[in-house]
Amino acid sequence: MSPSVPLQEMIRAIRSARTQCEERGVIQRECAAIRAQFRQADNGGRSHNLAKLLYVHMLGYPAHFGQMECVRMIASPRYSEKRVGYLGAMMLLDEKQDASLLITNSIKNDLSNSNQYIQSLALCTLACMGSAEMCRDLAPEIDRLLRASNSYIKKKAALCAVHIVRKVHDLGELFTKAARSLLTEKNHGVVHGAVVLITELCERNSETLERFRKTVPDLVQIMKGLVISGYSPDHDVAGISDPFLQVRILRLLRILGRNNEAASDAMNDLLAQVATNTDSTKTVGNAVLYETVLTVLDIKSESGLRVLAVNILGRFLLNNDRNIRYIAMTSLQKIVGTDHNAVQRHRGTIVDCLKDQDASVKRRALELSLALVSASNIRSMMKELLSFLSSCPPELRSQTASGIFNAAERYAPSQRWHIDTILHVLTTAGGDVRDETVPNLIQLITNTSELHCYTVHKLYRALLSDISQQPLVQVACWCIGEYGDLLLTGECQETEPVQVTEDYVLDVLETVLQSHMSSPSTRGFALTATMKLSTRITENVDRIRSIVSIYGSCIDVELQQRAVEYNALFKKYDHMRAAVLERMPVIEKNSQGHTNGETIKESQTVKVKPGEPQQPANQVQANAAFYTVFSIVATVTVYEKDGVTVTLSCEKQSDSGLTVTLTASNSTESDIRGFTLQAAVPKSVQLHMKAPSGDSLPARGTAKLKTRADMSEVYETKVSPVTS
Amino acid sequence: MQFMLLFSRQGKLRLQKWYVPLSDKEKKKITRELVQTVLARKPKMCSFLEWRDLKIVYKRYASLYFCCAIEDQDNELITLEIIHRYVELLDKYFGSVCELDIIFNFEKAYFILDEFLLGGEAQETSKKNVLKAIEQADLLQENIDFQMRLFAGCQRSRDPAQRAGGNRTDINIIFIAIHTPPISQLLCCM
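Heads up: the sequence lines are chains A and B, in that order.
Here my numbering is used: the first residue of the first sequence is 1, the next is one more, and so on.
Here my numbering is used: the first residue of the second sequence is 1001, the next is one more, and so on.
Simulated from the structure, these hints should not be mistaken for laboratory data.
A couple of the hints might just be wrong.
Pairwise CB distance ranges (calculated) [said to hold, decoys possible]:
1. A:R147 <-> B:K1012: 43 to 53 Å
2. B:R1060 <-> A:Q333: 25 to 35 Å
3. A:S414 <-> B:Q1010: 53 to 63 Å
4. B:E1071 <-> A:E496: 34 to 44 Å
5. B:D1091 <-> A:N319: 25 to 35 Å
Just a few of them, taken from the derived set where beta-carbon distance is under 10 Å, the chain A residues facing chain B [as the list claims (entries may be wrong)]:
6. S47
7. Y55
8. M58
9. S80
10. V84
11. Q116
12. I118
13. M129
14. N187
15. H188
16. G189
17. E291
18. I324
19. L354
20. Q357
Just so you know, even glycine gets a beta-carbon here, dropped at the ideal spot from N, CA and C.
Construct the entire structure; sequences and hints are all you get.
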């Protein structure tokens, strides 16, 4: 049996191995020796062997045979063995292993040991890997330690209690009283532990939260002590007294002050003091300020304090340290909905951050910029966003493109600008746009009839330079097919006209048809466009006929079908060709309900009898419509005719469920009988209608009919159960 | 905090502390991916990144990356301070700590971490108190170990790596020989 090598010898041997294979060899030999040693009786070197095994485990090699050794070592009376045994337990055992239950008894004994360092080992291990059963067994012990021990143990017991509460929520009740009394201790570690414990308890249970609101004055007192007191060498970090404790207290104050006027008032002065007095030259000061700002923005603070908080964030934005800028933008993102104007003031700095080197900062800046776009700054913002699009990292491209489209749609100052913007996006990032972009753009183009000439010229030029961006090519082909005659007239008001012959135009379309870069759907577009041109040009109809007949034997089934049909149109139905291929009518604009608080008329799907059915909700934007309905809490009148009024009110039940109450009343002189309500919803939504309270509406609004319906959203991959 | 990882510039793991229950396979996968992501970042970049649904805070000290995964509500800047505090503790303990110290004395690095953080949260905010507790615990351990080490014949070597760990033992052996520790401590550990 080779003598056991000291730990550091082994580490050196492993590190000096030149190849992976050599290293594996060394480790295998060592593991064999360790296994042999484990089987032997106690030989005094057990802790070293386990330490060696733990090192091997950290390198990534299997070490499960050490689990029982850990259990044995923990039960050993020797401190050195216990120490390594507990370390091994934290590394090798987790709550999923069966062996972890075996150490529960040892932990229990060690928790009552007279030596505080042994108690501390047990507490540390329980807090790191204690399973739910272990926590339940040992919770009373922890409670005992919370009340009656020295501060060294109390602070550890408090954090252990936090772990227990996280694992078994019900046990929170057990620790409430002890947590309260710990706040009055002098020892910073104990107070810190108590604050963390109280935070955890309040986050889990709203009743506990109510009870702990009474501690706000005490917490304010402690904070004041930390902020005003002089230099305390023990806890000082760059001039801030115990920043870790300050940050935790601020976080607890945030939870206690949320939605509560009285508590928010009590902490107002303190927050103002911390915000103004904290030194912000070092990271640690900024950490405290950051937590303060988060607290101010989340509680019911007075407006002066809010302005102070936003100004601090503004200062952060100008900080040289990239981390601070990132933090500032993350926080501004949270309040851009509520304090929009305050954030607008910093728009310039935010837009500058779009040019930052760091991808995380860029992402934050992009999200904020998109949120800050408004009717007044649309032109300048769009310039910045478009230049960002041309240089942004690939993972942000599609987000930028869709953001730009949304912004353009909401705030476009003119149609021409809108079309130009979309075309610009398609040329720079055509591959990253969503599929709906093509039909949306086509619809937009048909709707702006005065710009048909301009649009087709622009698209023709774009097509001449580059046919690789599929969405752009598709739209261009469609336009040329529709408005090719405008191209051939050789005049245009808005832009420089092209001087082309019919042959040139057909050449371009044929290039698209034959190019290997064109996707099947693009070629479909090109073929149809070619066909449409047959009614808009005069001389080269034969050329079109020949192109179409060639594709009648194309391998792609879709193209083949199209070509065959067009061929038939030429041969047998030539008299109908002009009618079939004439200009498309203006397409009905699909409404999109994407602003919160707007009327829900666009998303209604209620059918009322007797009466006209209303417009079914837009299928494409069904999700957006659904969320719009979510945001409405007030009652809306959805039908009012012939004296019958139907109102709709919504109540949000859960993240994906909604209860809608439809109330019908009758203001005519006579009763209405046989009144029924029918509802239809798009496929992305599930609807359960309950039976109405009756089916007759008495006259003169003496009584109302109520019908309840539960709606929930249906996702593609999972179906959320409808709340009943 | 959900976990803390220490790794070198070559991607070798030097310390891993997990505060959430995960299988070995999952831990390995997370470690591999995260190490790759962090090592791919350029030097001047932000210390924070979003990875899966966690916030990652990392900082590089010499050749070691200290990387923590925190939850949504946690304060990123104070996590940077926590990392810094841990490095200071290691520095004070080892005397100008370098990566080799952490490699050859990894169990001590864990013990120090366990005195500073418990269950993922800071337990002691005073540097002095943490170091004092470690010292006492070490003393407790050495009192038992000195007999074993005399037996194993640990020698003062020229190798800096072994000296980093070996030194302490030697000094302590002499120390204990001259200065008898209180009997009560010996009794409760035997």
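Requested in this report: Mind checking the CB of S47 of chain A against every CB in chain B and telling me if the closest is under 10 Å?
Outcome: This hint holds: S47 of chain A lies near chain B, its Cβ roughly 8 Å from the closest one there, short of 10 Å.
Query raised in the report: Under the criterion of a CB-CB separation shorter than 10 Å, is I118 of chain A in contact with chain B as hinted?
Result: 8 Å, holds
Requested in this report: Mind checking the CB of G189 of chain A against every CB in chain B and telling me if the closest is under 10 Å?
Outcome: Holds. Min distance 5 Å.
Query raised in the report: In this structure, is the beta-carbon distance linking E1071 of chain B and E496 of chain A contained in 34 to 44 Å?
Result: Distance hint for E1071 of chain B, E496 of chain A is violated at roughly 59 Å.
Query raised in the report: Honestly, do R147 of chain A and K1012 of chain B meet the 43 to 53 Å range at C-beta?
Result: 45 Å, holds
Query raised in the report: Would the stated hint for Q116 of chain A survive a check requiring a Cβ distance to chain B of less than 10 Å?
Result: Status holds, d = 9 Å.
**Report entry** Cut-off 10 Å, beta-carbon criterion: hint that Y55 of chain A touches chain B
**Finding:** Holds: closest Cβ of chain B sits about 6 Å from Y55 of chain A, inside 10 Å.
Requested in this report: Using Cβ atoms only, decide whether I324 of chain A comes closer than 10 Å to chain B, and label the hint accordingly.
Outcome: 8 Å, holds
**Report entry** C-beta pair S414 of chain A, Q1010 of chain B: status relative to the range 53 to 63 Å that was hinted
**Finding:** Taking Cβ atoms as reference, S414 of chain A and Q1010 of chain B lie about 57 Å apart, which means the hint holds.
Query - Cut-off 10 Å, beta-carbon criterion: hint that H188 of chain A touches chain B - result: 5 Å, holds
Query - Restraint check, 10 Å cut-off on beta carbons, for S80 of chain A near chain B - result: 5 Å, holds
Requested in this report: Using Cβ atoms only, decide whether M129 of chain A comes closer than 10 Å to chain B, and label the hint accordingly.
Outcome: 7 Å, holds
Going down the numbered hints, you'll see the structure goes against 4 and 19, while the others check out.
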